[in-house]
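A.B. asks: Both chains come to you apart, so use the hints to assemble them.
As you go down the protein sequences, you meet chains A and B in turn. Sequential numbering from 1 applies to the first sequence in the working numbering. Sequential numbering from 1 applies to the second sequence in the working numbering.
Quick caveat, the hints were computed from the structure, so don't treat them as lab data. These numbers were taken from a predicted model, which means no experiment stands behind them. One or more of the hints may lead you astray.
[What the hints assert, rightly or not] Derived lysine to any residue pairs resembling SDA-like cross-links, with alpha carbons at most 25 Å apart: (1) 110(A) - 160(A); (2) 27(B) - 62(A); (3) 82(B) - 29(A); (4) 192(A) - 50(B); (5) 75(B) - 30(A); (6) 94(A) - 50(B); (7) 75(B) - 58(B); (8) 192(A) - 29(A); (9) 75(B) - 26(A).
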Amino acid sequence: MAFAKPLATLRSSTGIPTGRLAIWWVLASEVVIFGGLLGSYLMFRLGHPEWADAAAVTNVWIGAFNTFVLLTSSFTAVLGHQAAERGDGKQAAKFLFMTIGGAATFIMVKSYEWTTEILHGYTITANGFWAFYYTAAGLHAMHVIAGAVIMGFIAVDAWRGRELQRVELIGIYWHFVDVVWIFLFPLLYIAK
Amino acid sequence: MAEHNESHGHDHGHDAGHGDAHHVNYKRIYLTLLGLLVVSVAGPFFGILWLTLLTAFGIALVKANLVIQNFMHLKWEKRIMKWVLATSLVLMFLMFAGVSSDVMNHEGRNWENVAAQAAVERGIGGAEGEAEAIEVEPVEAGFSAQNTYNLVCATCHGRAGDGTGPAGAALDPQPANFTDPAFWAERDMERIVTVIRDGGAAVGRSPLMVGWSASFTPEQIQQLADHVATFRPSGE
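Extracted from the complex, chain B is given alone in its bound form (with noise of 0.2 Å):
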């Protein structure tokens, strides 16, 4: 019953001419991308950085053209979809062209990511381990609270704490002044720490105070909180 099928609307798309034979010799394009993959994965071996880059990404997109063009016959689509494909990219790189440049640099005029900044450190420093250098702990040693507090915290909420950092002022909500007594009338210190491990967002507060478990560990930021409860007006 199968065979009255045949007419089965296929070609209504293609352009004509092609009919519903596009005459690809599908084997062919098939052992051509295995031995593609061949040549993927032999590139690294040679350790030329330009060679495994072209190798790998090069041969990436020489790939995907064969299956595009001929598995999934981009070829003989009509121009409308080849557009709308198109626009699609498009976006995709207008994306990466948008925010690339915050991302891949961690200081700017303006600006400094410093938890960025933190693991770049953090991962070159371990980098002697090879493999088991990711699993390094953020370092425990050297570590003060009240040098973390003024090289990181105090950006935006000032040395004395009372949320008047340089950085601050263009922000909105401003950051927490903890030298105010209504800042200590609704927060215990297990608020405190855990704003400073995952970020104002976390409380429903102000995400703009990002969290940060990445950069320290669970003592370091119990000290962090310690070293922003001396800010607290005696008294309170």
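Chain A with its partners taken away, still in its complex shape (with noise of 0.2 Å):
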């Protein structure tokens, strides 16, 4: 199937596809936006010894659970990526709904998990860990529900063979997700 691609998927004067220069750009922001919070959140804790207090209040498991949901669909993300570069769009689409379930299992996890705490008393006013909590993972789980919209677009298209470079796109973004995610699980969970 032959059909005519845009110039710009194509062209390219770094010698990055376009559409892969973008998606660093984005992350290269985020890793500015990402950074401030965590490194406020860095700063505050160290100067709040009492933080300690409810710090120990979140859950390790959960935190845990959602780490491993989040490891394992970067790793069906990267399988889509192998697979969109076979040429193969319906195994890439396929990994590509497996990462979906992950975010989508991630996310109910966060929900009970939010309800718990919230319930307990443990608003995001409670106390400055408590603001720091709700922000950063609430950031970072904005991002897994916006990142899981798109992949399902993209996912859609890569089943009927259009667009496969985009599975790598939406990988690299995922992955940056991942990343988050390995730093918030320490800072959030870890640490007491």
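C.D. replies: Right, dumping it as structure tokens:
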């Protein structure tokens, strides 16, 4: 099946395909967004020894399970990319749908976790720790949801054998979301 | 039909010689990541601080690096992209280096972060209750509006309420002068309470007057407002 590619898909002045260049730029700005937030959290945490009591309340097992879910979804995302490189759109789509399943699991676990915490009175206004907790994990969760939605569109296209290069692009984004969680996990759950 | 997409432009950006197959054993990377996750969860059980920090943050760095290099393929990416990302990281560290000393310390040679000190005091004081500690309300007992005013507010507003506190001299705009009839001409008690609770910015005034809702209960704020009202010149 031959179809005309938009010029921007193939044109490249850096040696990087335009789409991938764009996703890296997005991530470069995300590094500053999450980096600023987590950096602020870190300095406040170090200045407020009493936050350790609040951090002790977070559930390490839920955090660990969600880390497992995201690592697994990253694995399926990269397998999707591998399938797309082979030109196997259907297989790539299957892996993307599995990744979306991971995203859905992550969000469901998060909803359960947050509901429990909020019902116990640990709301975003309870103290500085909880303000950071909900802001950082909330911003991350929004990235998970946005990624899953976009992945849905890309998976449908991939199933039809279209725009397979996008499988890699959404994958790179997804791995970044995974990396952010890799840091959120010790910051919010392990360090008591 | 998918088979026809094989030369899909994937290898455009990768360094010559790598093509589109990176020869990464993704499964092995994935299993390594899971193994590291187990270690990072197990770390705190030994109860050794440095070990916990190492297994928590050291392993996070290793895991992130594995994902970035092997799943995001940054290893094979053009050097310019690594520089762009590194620049973002440097900006982040600059931000940290620039402000962290002010945030992490609660007092310096010429300043004192009273709200932060009070928060630490409250948190540590109630720490025996473990998980319940954070729900401890600001302590009511022993609160004296006058003492608190002299300790907290007078720094800028002056003990006499005339806006000439030592820390206020450097502020622009100058702290409010509660002894000035003009001050009271346009303000009622509700407004005083609002500003103490939510800060000057809440009513469109200077954000240098910060809100104190995190440090004092509504009753205490009301008492502080009443204390401020004692500076009101009589006959107004």
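A.B. asks: Run through the hints listed earlier and report the numbers of any the structure violates, in increasing order.
C.D. replies: 1, 6, 8
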